[in-house]
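When you get a sec, could you build the whole thing from the sequences and use the hints?
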Amino acid sequence: MMRRWTTFVPFAVFAVLVAFFGWRLVLITRGDAPNLIPSVMIDKPAPGFDLPPLVLDRPGAASDALSGKVTLINFFSSWCIPCRAEHPLLVDMMNRDGVKGRLRLVGIDYKDKPEDGRGWLARLGDPYDALGMDRDGRVGIDFGVYGVPESYLIDRQGRIRYKQVGPFTPEDIQEKLLPLLAELSK
Amino acid sequence: MKVAGLIFAVVLAVMSGPVAWAVQPDEVLKDPALEARARALGRDLRCLVCQNQSIDDSDADLARDLRLLLRQRLLAGDSDDQARQYLVDRYGDYVLLRPPFKATTLVLWLGPGGLLLGGIWAAVVFYRRRAASAAPQTALSEAEQVRVKRLLSNDREG
Amino acid sequence: MIPEIGHFALIVALFVSVVQAVVPLVGAIRGDRAWMDMARPAALAQFALIATAFGALMSCYVSSDFSVLNVVQNSHTDKPLIYKMSGVWANHEGSMLLWVLILSVYGMAVSVFGGNLPPGLRARALSVQAMIGFGFLLFILLTSNPFTRVDPAPVNGDGLNPLLQDPGLAFHPPFLYLGYVGFSMAFSFAIAALLEGRVDAAWARWVRPWTLVAWCALTLGIAMGSWWAYYTLGWGGWWYWDPVENASLMPWLAGTALLHSSIVVEKRDTLKAWTILLAIVTFSLSLLGTFLVRSGVLTSVHSFAADPARGVFVLALLVVVTGGSLMLFAIRGPALKGGGLFTPLSREGSLLLNNVLMSTASGTVLLGTLYPLFADALDLGKVSVGAPFFNAVFIPLMVPMVVTMAVAPLLSWKRGDLMGALGRLKFAAVAVIAVMVGTWFLGGGSSGPVWAALGLGLAAWLAVGTLFDWAERVRLFRVPFAQSLDKILRLPRSAYGMTVAHLGVAVVIAGITGSSAWTIEKIQVMRPGDTVTVAGYDLTLVGTEDNIPGPNYTTLRAHFSVVRDGRPVTDLYPEKRMFRQPPRPTTDAAIHTNLLGDLYAVIGDADGTGGFVTRLYFNPLVPWIFLGAVVMVIGGLVSLTDRRYRVGAPLRNARAPAKGRA
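Residue numbers (our numbering), protein chains in the order written: chain A, 1 to 186; chain B, 1 to 158; chain C, 1 to 662.
Some hints could be false.
Below, a list of computed lysine-lysine pairs in the DSS-like style, where the Cα atoms sit at most 27 Å apart [said to hold, decoys possible]: (1) A/113 <-> A/44; (2) A/69 <-> A/44; (3) C/414 <-> B/149; (4) A/176 <-> C/382; (5) C/382 <-> C/267; (6) C/382 <-> A/163; (7) B/149 <-> C/382; (8) C/267 <-> C/414; (9) A/111 <-> A/44; (10) A/44 <-> A/100; (11) B/102 <-> C/487; (12) B/149 <-> C/337; (13) C/337 <-> C/426; (14) A/44 <-> C/382; (15) B/149 <-> A/163; (16) B/102 <-> A/44.
The set of hints was computed from the structure by calculation and includes no laboratory data.
Okay, structure coming up:
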């Protein structure tokens with residue numbers, strides 16, 4: 001009879017909803033962070049940019065200097081606390097065999113005062129091959145940056161292949177970045 | 001008191017439409033029509049580092065950068081769609097507070113209509129069931145009609 | 001010592017809730033009067049115990065007992081006393097304690113005032129209440145204990161979000177919880193009815209006062225939250241379709257439908273299954289809201305700190321309570337046969353339509369709130385669902401409902417005469433057209449949005465239609481005035497309740513229309529001595545004072561003198577406060593209202609050369625949004641005082657025609 005099953009509809013809808021929530025909670029406890037926005041620029045060419053140098057006798061950051069080597073573009077800032085946590089990992093990483101010579105590290109000081117950025121690097125070390133200043137954040141927007149630190153791995157043809165939202169952890173470097181670097185350097 | 005005084009920067013009067021609570025005077029465009037477009041677009045763009053606020057309503061730095069960018073694009077001659085697409089290209093659909101109508105948002109946009117139809121269907125079923133249980137069969141005899149009446153009035157009290 | 005007393009009281013309350021849940025229910029099944037009567041003292045004991053626990057926590061806050069972790073996390077000695085007290089419920093653990101306190105208050109109220117309830121129904125309902133209480137007490141004791149101690153006790157606490165230190169805020173959550181938890185009573189009665197196997201007019205008559213109280217409280221709570229956001233956040237907005245706001249709107253929509261649907265059960269003995277389902281759904285939406293806010297599944301500016309473990313527990317509660325009740329409904333629902341027949345174009349038909357529209361609206365809000373989650377989980381990409389979506393789908397659902405609201409009271413029960421009713425509303429239609437045309441011209445002709453005229457037209461339609469219905473009931477102008485006067489005095493309070501509440505809705509609609517359509521905004525940099533004119537008011541920045549100390553903040557205060565047509569009106573003092581613990585700036589707008597609109601001034605940042613960014617607005621009809629909500633609540637309260645609810649419901653035993661009277 002038709003009337004028999006109609007009263008089960010609310011229960012069925014509820015069951016679906018609850019199953020979904022339960023699954024979602026499982027994901028959260030496993031560490032899936034629901035707030036990260038994935039990049040829509042993966043596999044697209046890196047946007048063009050030409051930024052003035054941060055440190056006076058060093059090259060600035062420009063997109064026409066991106067080809068030939070795999071490049072990691074790292075957006076940082078002196079007022080950003082997670083950047084401070086991330087920085088030693090970058091310094092360390094650039095000293096490793098397997099990275100040195102294969103990876104070009106480009107730093108972009110995002111919405112910062114030049115003196116502050118320079119002072120920060122002087123204190124913490126400078127692993128960058130090139131350093132640019134993005135005073136108004138426009139280059140950041142072109143990349144889809146919405147916070148610092150963020151990093152983009154560019155392949156030898158100038159395409160964005162990976163985006164790191166937030167600071168690198170040692171696991172991120174070991175498990176995501178280095179394998180991808182190896183593959184793109186072949 | 002005489003109305004007088006020097007007013008620095010642009011004074012904007014928005015006669016119709018909602019307001020933007022975080023827009024600064026130095027962002028406001030001189031052309032009111034362009035500014036109105038920027039406001040309308042800004043209302044539909046999400047401040048990415050806030051929860052649910054539009055870039056017009058947020059004090060965040062990124063919101064301000066996006067407001068300025070939007071106005072730059074409009075000054076450069078972009079249409080509304082082009083300006084919006086510029087941001088979607090970089091940040092994805094997430095930046096739109098009004099979700100686009102595409103395959104992945106079909107359930108969202110058609111959902112309310114679907115729910116309404118579902119509710120109406122339930123009501124129709126309800127009416128039909130009532131009618132079916134109360135509809136008199138053809139050709140009831142007098143005695144049967146009396147009996148039906150009595151049964152019905154008993155049922156009502158149940 | 002006091003925290004331990006509180007903790008112990010909660011543990012004892014847990015055991016009492018087990019007794020209250022099991023004994024009366026068994027008693028009702030077996031017909032054992034003594035066992036059924038255990039419900040009342042048990043409910044009273046519950047209340048006493050939980051009140052003790054709540055009092056204990058309150059005392060810890062007031063005395064700034066920093067050996068209690070909860071107090072450390074949410075309080076500070078510099079906080080004014082009233083905010084120390086309201087800090088009790090402005091955090092997760094404390095708010096859950098407030099939840100169960102209110103649950104026990106309702107249980108106690110049924111014990112004390114429910115003397116006219118048949119013992120079986122009362123026993124079952126209190127039993128279900130106790131089951132809910134058990135679930136929440138377990139949740140508190142296992143995952144959200146407010147009495148955890150910290151050793152060594154820090155010298156001072158971590159303060160409280162400065163945005164929350166506000167008198168409006170002190171009262172808004174308690175009202176919300178009175179609403180959410182109040183609907184648990186309708187829920188308990190509904191389950192009791194399903195267990196008993198019958199729903200009749202008497203049941204509806206008993207359930208109504210509880211539902212009304214909950215509805216009034218929730219309406220007030222939502223309105224207060226909205227008003228608080230309006231004057232405190234400096235944004236001038238009053239509704240953001242934020243997930244937590246949505247979590248309060250959904251039960252409100254379902255609760256309104258419940259209120260109206262129960263009228264049909266009471267008067268016409270039909271729509272029973274719908275009403276029971278609505279009672280279950282309304283409370284379930286309250287629970288769902290609790291889950292969404294506290295589990296971390298959705299993040300929101302309002303959210304308490306997210307904790308998936310808590311989320312799992314609340315989800316389990318949800319499964320048991322809602323899943324169990326919906327299963328019970330699925331099985332027992334079809335047995336609830338109704339008696340009264342009606343055609344679609346009748347009063348019942350309109351109320352059924354109301355059910356459908358309100359439920360759809362509630363479902364739509366749920367869909368929009370949850371959709372980003374679905375899309376993300378199913379890998380459909382990250383999508384944002386904001387105000388533009390909600391406005392686009394919610395308004396088209398509400399407009400037909402408001403249109404119907406004016407017509408429905410004029411339709412008779414069972415079989416209404418729609419054309420006749422519409423014919424009688426000719427006058428209303430004329431008034432509507434006049435309002436729309438007038439609005440169009442006053443709003444500046446084609447420079448104002450068209451929909452503003454429609455919005456006010458809608459409000460006028462509802463208002464005039466409602467008044468017209470009242471006039472018909474008292475036969476105004478159709479019989480000698482003395483007779484009308486007699487009818488006016490004798491009209492049942494529930495009829496007045498309806499009239500007043502529906503008028504309140506019209507006022508709210510007008511307010512929403514006005515605020516969205518005609519707000520005037522002026523943003524500029526001003527120096528002392530500058531004057532800006534907004535809507536005919538001349539605001540002159542007289543000066544600013546910086547670094548004025550407050551109890552736990554320093555503030556920049558600006559002084560605007562407001563003049564209109566040469567005559568002084570008032571002085572406005574907007575502030576920009578910087579709190580210390582934690583360091584956070586807030587904007588305090590200064591508002592001057594003439595009840596037709598608000599003059600709203602905000603002081604912004606200094607520009608470094610002696611000028612300040614100022615934002616000056618005139619918000620027409622915004623006060624009507626909040627006043628209208630208050631009018632709605634007054635209508636609800638008027639209904640509540642109808643003597644039919646106080647004198648007692650008709651005896652159930654009389655199966656004969658007695659039901660039709662009263």
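Evaluation of the provided hints:
no.: 1; hint: A/113 <-> A/44; in the structure: violated, 30 Å
no.: 2; hint: A/69 <-> A/44; in the structure: holds, 17 Å
no.: 3; hint: C/414 <-> B/149; in the structure: holds, 17 Å
no.: 4; hint: A/176 <-> C/382; in the structure: holds, 22 Å
no.: 5; hint: C/382 <-> C/267; in the structure: violated, 49 Å
no.: 6; hint: C/382 <-> A/163; in the structure: holds, 16 Å
no.: 7; hint: B/149 <-> C/382; in the structure: violated, 61 Å
no.: 8; hint: C/267 <-> C/414; in the structure: holds, 11 Å
no.: 9; hint: A/111 <-> A/44; in the structure: holds, 25 Å
no.: 10; hint: A/44 <-> A/100; in the structure: holds, 26 Å
no.: 11; hint: B/102 <-> C/487; in the structure: violated, 58 Å
no.: 12; hint: B/149 <-> C/337; in the structure: holds, 17 Å
no.: 13; hint: C/337 <-> C/426; in the structure: violated, 39 Å
no.: 14; hint: A/44 <-> C/382; in the structure: holds, 19 Å
no.: 15; hint: B/149 <-> A/163; in the structure: violated, 76 Å
no.: 16; hint: B/102 <-> A/44; in the structure: holds, 22 Å
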